[in-house]
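Enquirer: Once you have looked at the hints, place chain B on chain A.
Chains A and B are the protein sequences, given in the same order. With our numbering applied, the first sequence closes on residue 82, and no number is skipped along the way. With our numbering applied, the second sequence closes on residue 399, and no number is skipped along the way.
Calculated directly from the structure, the hints in this document are not laboratory data. Backbone N, C-alpha and C fix where the C-beta goes; we use that ideal spot for every residue, glycine too. You may find that some hints are simply not true.
If you want the footprint, here are the derived chain B segments under chain A, 3+ residues with CB under 8 Å [what the hints assert, rightly or not]:
(1) 37-46
(2) 163-176
(3) 202-214
(4) 363-370
Computed far set for chain B versus chain A, every beta-carbon distance over 10 Å [stated by the list, open to error]:
(5) Asp29
(6) Asn54
(7) His94
(8) Ser108
(9) Leu146
(10) Ala154
(11) Leu185
(12) Trp189
(13) Gly194
(14) Asp197
(15) Arg230
(16) Leu255
(17) Tyr257
(18) Asp336
(19) Gly346
(20) Leu398
Computed far set for chain B versus chain A, every beta-carbon distance over 10 Å [unchecked claim]:
(21) Gly58
(22) Arg124
(23) Ala134
(24) His157
(25) Leu195
(26) Lys198
(27) Val246
(28) Glu251
(29) Arg288
(30) Lys383
(31) Ile393
(32) Val394
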Amino acid sequence: MSATLNIPIDKEIDARGSFCPGPLMELIRGMKTLPVGGVLAVLSSDPGSAKDIPAWIAKAGHEYLGAFPEQGYTRFVARKAR
Amino acid sequence: MPQQRIVVLGGGVGGTILANTIARTLSPDEAAITVVDATGQHVYMPGWLYLPFNGSEGLELSRPERSLLSHHITLAVGQVTQIDPVNRAITVTHAPSVPTIPGLGGASHATLPYDYLVVATGARLAPDDLSGLAEHPGEWHDFYSLEGALRLRAALHGFTGGRIVIGIGGIPYRCPPAPLEFTFLLDDWLRHRGLRDKTEIHYTYPLNRVFTIESVAEMVTPYLDERDIRYNVFFNAETLDAERKVLTSLEGEELPYDLLVMVPPHRGARVIETSGLGDEQGWLSTHRDTLEVKGHERIYALGDATDLPISKSGSAAHFEAKALASRLIANVRGEDPDPKHAMYDGEVMCFLETGRGQATQLVFDYEHPPHPPRPSRFYHMEKHLFNRAYWHIVPQGLV
Numbered sequence: 001m002s003a004t005l006n007i008p009i010d011k012e013i014d015a016r017g018s019f020c021p022g023p024l025m026e027l028i029r030g031m032k033t034l035p036v037g038g039v040l041a042v043l044s045s046d047p048g049s050a051k052d053i054p055a056w057i058a059k060a061g062h063e064y065l066g067a068f069p070e071q072g073y074t075r076f077v078a079r080k081a082r
Numbered sequence: 001m002p003q004q005r006i007v008v009l010g011g012g013v014g015g016t017i018l019a020n021t022i023a024r025t026l027s028p029d030e031a032a033i034t035v036v037d038a039t040g041q042h043v044y045m046p047g048w049l050y051l052p053f054n055g056s057e058g059l060e061l062s063r064p065e066r067s068l069l070s071h072h073i074t075l076a077v078g079q080v081t082q083i084d085p086v087n088r089a090i091t092v093t094h095a096p097s098v099p100t101i102p103g104l105g106g107a108s109h110a111t112l113p114y115d116y117l118v119v120a121t122g123a124r125l126a127p128d129d130l131s132g133l134a135e136h137p138g139e140w141h142d143f144y145s146l147e148g149a150l151r152l153r154a155a156l157h158g159f160t161g162g163r164i165v166i167g168i169g170g171i172p173y174r175c176p177p178a179p180l181e182f183t184f185l186l187d188d189w190l191r192h193r194g195l196r197d198k199t200e201i202h203y204t205y206p207l208n209r210v211f212t213i214e215s216v217a218e219m220v221t222p223y224l225d226e227r228d229i230r231y232n233v234f235f236n237a238e239t240l241d242a243e244r245k246v247l248t249s250l251e252g253e254e255l256p257y258d259l260l261v262m263v264p265p266h267r268g269a270r271v272i273e274t275s276g277l278g279d280e281q282g283w284l285s286t287h288r289d290t291l292e293v294k295g296h297e298r299i300y301a302l303g304d305a306t307d308l309p310i311s312k313s314g315s316a317a318h319f320e321a322k323a324l325a326s327r328l329i330a331n332v333r334g335e336d337p338d339p340k341h342a343m344y345d346g347e348v349m350c351f352l353e354t355g356r357g358q359a360t361q362l363v364f365d366y367e368h369p370p371h372p373p374r375p376s377r378f379y380h381m382e383k384h385l386f387n388r389a390y391w392h393i394v395p396q397g398l399v
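Just chain A, same shape as in the assembly (with noise of 0.2 Å):
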């Protein structure tokens, strides 16, 4: 368990430097074994996560919790809805 801004993650997935099938695949695949409720952050150094990520999440009808800039990749966090 880690905390960011205070929101306690239930499980983190390191995709940086994934390219294929690349971090979205990644926050899928962990948001369908996710139970609902439970957070989830996954760990990118993709630029295009920033669009993507988001844009999934508000498609799929989760809750994206935000994205959180580290030192040369970004943690985007979401919580499953349904």
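Expert: What follows is chain B alone, placed relative to chain A:
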């Protein structure tokens, strides 16, 4: 140094390259290498893509694993039933079709202690993970198994027109470009058969574009458009409704079909789950550089068995096997692993068929994104040659 016991679970591309590479460097006095494989047959899975279209003439799809292994390596053919990291041993039982374990002197069950264990057990298809698939096995087709590809071939040869849907049943799945390649080859085949104007092709993809890598998606989308291939993006298949002949997505869309081609959900090997070693889907939590299984000393993983964020592909397994062989050779000799060669850097090299006799090539690693060249006949021919040269250069670890 006393002789070290290296046990490799799985005689696929990764396990075979690893075992042969180690056997070429270490003498039998230094290491006793045993490969345990469930069937004893080494399968070339990339060949299945061509089977439904009769495009696999001259392609060898399997060979006996024994014929591909160095004679210094013991091959045991049986089911691994338990991995015991505490006692550093695995247990094997005979395959259902034979009373003993070939390679282990007539035993029907055996416990094999190891000094180093490499788990290269690959992925398995898990239709139970998508509602409706396991309940209606005759309703959908796949090219992710030999049986599936042959049944799909029969279905396509009896097809007279209608709507074909290509669905992705779970993430991760083996060979991310394969559904796109299948779609392009299907378009070619239907045109050749004079059925294209009677057929709608619907390709679906989990992301908001037609392929995970943006530059590739941008390159191939105009090809889909010019060939009148429809695509539904942001479509993660969730339920198969066989009565209504509809595929439903996680995002809430419905797609009716006449012929459904699914990438079935995948999971890691059952023994990983029964030994309590994997995550929810049976993938092993693996260090991305050293390929050590996290929390388990002297256990390593490679290929589809890992949870690494790279494509589940023979190519990834191939490069991982090279790096891990270098590490294990150093470990056995009590030397420091080479900081460059014993680290996996995320390297993958694969081809993507774009139809009409053309293909492109994807080369990347953890640090460098792919810059695919424009599709051409050259890459198609290179893929074609690789499919044939495979048996002579890849399992042996020569490339």
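Enquirer: Each hint: holds or not?
Expert: Each hint, compared with the structure:
{"no.": "1", "hint": "37-46", "in the structure": "violated (count 0)"}
{"no.": "2", "hint": "163-176", "in the structure": "holds (count 4)"}
{"no.": "3", "hint": "202-214", "in the structure": "holds (count 6)"}
{"no.": "4", "hint": "363-370", "in the structure": "holds (count 6)"}
{"no.": "5", "hint": "Asp29", "in the structure": "holds, 39 Å"}
{"no.": "6", "hint": "Asn54", "in the structure": "holds, 29 Å"}
{"no.": "7", "hint": "His94", "in the structure": "holds, 34 Å"}
{"no.": "8", "hint": "Ser108", "in the structure": "holds, 37 Å"}
{"no.": "9", "hint": "Leu146", "in the structure": "holds, 24 Å"}
{"no.": "10", "hint": "Ala154", "in the structure": "holds, 31 Å"}
{"no.": "11", "hint": "Leu185", "in the structure": "holds, 20 Å"}
{"no.": "12", "hint": "Trp189", "in the structure": "holds, 26 Å"}
{"no.": "13", "hint": "Gly194", "in the structure": "holds, 35 Å"}
{"no.": "14", "hint": "Asp197", "in the structure": "holds, 33 Å"}
{"no.": "15", "hint": "Arg230", "in the structure": "holds, 19 Å"}
{"no.": "16", "hint": "Leu255", "in the structure": "holds, 16 Å"}
{"no.": "17", "hint": "Tyr257", "in the structure": "holds, 22 Å"}
{"no.": "18", "hint": "Asp336", "in the structure": "holds, 24 Å"}
{"no.": "19", "hint": "Gly346", "in the structure": "violated, 5 Å"}
{"no.": "20", "hint": "Leu398", "in the structure": "holds, 26 Å"}
{"no.": "21", "hint": "Gly58", "in the structure": "holds, 29 Å"}
{"no.": "22", "hint": "Arg124", "in the structure": "holds, 16 Å"}
{"no.": "23", "hint": "Ala134", "in the structure": "holds, 17 Å"}
{"no.": "24", "hint": "His157", "in the structure": "holds, 32 Å"}
{"no.": "25", "hint": "Leu195", "in the structure": "holds, 32 Å"}
{"no.": "26", "hint": "Lys198", "in the structure": "holds, 33 Å"}
{"no.": "27", "hint": "Val246", "in the structure": "holds, 19 Å"}
{"no.": "28", "hint": "Glu251", "in the structure": "violated, 5 Å"}
{"no.": "29", "hint": "Arg288", "in the structure": "violated, 8 Å"}
{"no.": "30", "hint": "Lys383", "in the structure": "holds, 17 Å"}
{"no.": "31", "hint": "Ile393", "in the structure": "holds, 24 Å"}
{"no.": "32", "hint": "Val394", "in the structure": "holds, 20 Å"}
Hint violations for this structure: numbers 1, 19, 28, 29, all remaining hints satisfied.
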